[in-house]
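Based on these hints, arrange chain B on the given structure of chain A.
Listed below, chain by chain, are the residues.
Number of protein chains: 2
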Amino acid sequence: MLGAVQTKAAPRPRKGERTRESILRVAVDLASVEGLEGLTIGRLADELKMSKSGLFAHFGSKEDLQLATVAAAREIFADYVIRPALAGPAGVPRLWNLCDGWLRYAEGRVFKGGCFFTAASYEFDSRSGPVRESIAAAMKEWMKVLTRSVESAKKEKHLRADVDAEQFAFEVYSLAMGAHWSHQLLDDKKSRTRVRQSIAARIRAMATSECPSIKFPA
Amino acid sequence: MLGAVQTKAAPRPRKGERTRESILRVAVDLASVEGLEGLTIGRLADELKMSKSGLFAHFGSKEDLQLATVAAAREIFADYVIRPALAGPAGVPRLWNLCDGWLRYAEGRVFKGGCFFTAASYEFDSRSGPVRESIAAAMKEWMKVLTRSVESAKKEKHLRADVDAEQFAFEVYSLAMGAHWSHQLLDDKKSRTRVRQSIAARIRAMATSECPSIKFPA
Numbered sequence: 007m008l009g010a011v012q013t014k015a016a017p018r019p020r021k022g023e024r025t026r027e028s029i030l031r032v033a034v035d036l037a038s039v040e041g042l043e044g045l046t047i048g049r050l051a052d053e054l055k056m057s058k059s060g061l062f063a064h065f066g067s068k069e070d071l072q073l074a075t076v077a078a079a080r081e082i083f084a085d086y087v088i089r090p091a092l093a094g095p096a097g098v099p100r101l102w103n104l105c106d107g108w109l110r111y112a113e114g115r116v117f118k119g120g121c122f123f124t125a126a127s128y129e130f131d132s133r134s135g136p137v138r139e140s141i142a143a144a145m146k147e148w149m150k151v152l153t154r155s156v157e158s159a160k161k162e163k164h165l166r167a168d169v170d171a172e173q174f175a176f177e178v179y180s181l182a183m184g185a186h187w188s189h190q191l192l193d194d195k196k197s198r199t200r201v202r203q204s205i206a207a208r209i210r211a212m213a214t215s216e217c218p219s220i221k222f223p224a
Numbered sequence: 007m008l009g010a011v012q013t014k015a016a017p018r019p020r021k022g023e024r025t026r027e028s029i030l031r032v033a034v035d036l037a038s039v040e041g042l043e044g045l046t047i048g049r050l051a052d053e054l055k056m057s058k059s060g061l062f063a064h065f066g067s068k069e070d071l072q073l074a075t076v077a078a079a080r081e082i083f084a085d086y087v088i089r090p091a092l093a094g095p096a097g098v099p100r101l102w103n104l105c106d107g108w109l110r111y112a113e114g115r116v117f118k119g120g121c122f123f124t125a126a127s128y129e130f131d132s133r134s135g136p137v138r139e140s141i142a143a144a145m146k147e148w149m150k151v152l153t154r155s156v157e158s159a160k161k162e163k164h165l166r167a168d169v170d171a172e173q174f175a176f177e178v179y180s181l182a183m184g185a186h187w188s189h190q191l192l193d194d195k196k197s198r199t200r201v202r203q204s205i206a207a208r209i210r211a212m213a214t215s216e217c218p219s220i221k222f223p224a
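Protein sequence lines correspond, in order, to chains A and B. Position one of the first sequence corresponds to residue 7 (the working numbering), numbered consecutively onward. Position one of the second sequence corresponds to residue 7 (the working numbering), numbered consecutively onward.
Put simply, identical chains are the same to the list, so a pair is met inside one copy or across any two.
Here are the simulated DSSO-like pairs of lysine-lysine, each with C-alpha atoms no more than 30 Å apart in a straight line:
id, residue 1, residue 2
1, Lys160, Lys195
2, Lys196, Lys150
3, Lys146, Lys196
4, Lys196, Lys161
5, Lys196, Lys163
6, Lys150, Lys163
7, Lys21, Lys58
These are calculated hints, taken from the structure and not from any lab test.
Excised from the complex, chain A in its bound form:
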């Protein structure tokens, strides 16, 4: 989800930035449930019990607020999913940790309404403008992270050399999206297991004899 993932601890932010961060955390949560288009300065002011003018001091317009919310969601996603996986072992274990971290995130353990980006994708996919572009950029970055991790698993000789990394990233993405939908809309209790079985089966079908076995989380 990030172009350059920072691994060093950032300096402690000043109070104004901390306030902005806390506001954006609520904005991302709200947008994950009600949609990014419904995220107006007025709606957010209601939710935070703040004045609209107080919020206008942080964000000059609805579009500024939407763009800042997308950027904040990217940061949270990187903290929750990407950085822990990159800090762990390379190859198939990292690929699996990216997938599983992402599923856990999409299962609503981070944002109230589940996957912020999947919801925003569908909301903005027939629109145009900077908000759509920022969502598409975040998604492309995440697909690149997944694709690179497949390529790296090939270099580690955990996956066969003829594996199409982009096709695999597309399949994994689709399965996670399907699980999100099945869980959120259809309330299918099996969806969490189903999607992990499907992804693990795809990995196994591409694995070499040198591939470490994946331990499935409960």
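Below, chain B without anything else, positioned relative to chain A:
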């Protein structure tokens, strides 16, 4: 997408019903682009250059309009995807025709904004109420149609007896959803081919030696 798909031709509708049908065709198109939540009587009146009171005569409230739009989209989906597939040969050819018809529909050949139901699913998955329930019911029906067609392909001995039909329906659903997203948001030109390759690979992995070969559309 339908509980009981009618195969007999319906009697020609009266003028009031035809007007209602034409209005709903526009409503479905509009909702596929701008979202179902944005579909108000006022917005639709603008689009149709009709008076709001004229529309109120057909739909008493925004919720009535949304529910009628979901029902209309179900009918169009059944006409475009389900009925032609059920009229063709059983087994894997029917399964493939359902998948391919659905992909063609989601690729924007029916509704302006692509797949009406996928967009509506994401819009309403964190909400509650009758509109969400009607979307979830349509989706469950469509999953049942897919699952039944896998079961029937097993009976025809085109697919192995140990195939998990629900798991397969989930995977196909996910892949089509991923292709929709990849095409609509990321403008990925390869997505149409990618999803057909993935689904065909899944079918091939489950096929028996008696399975007729699938002819891929261009």
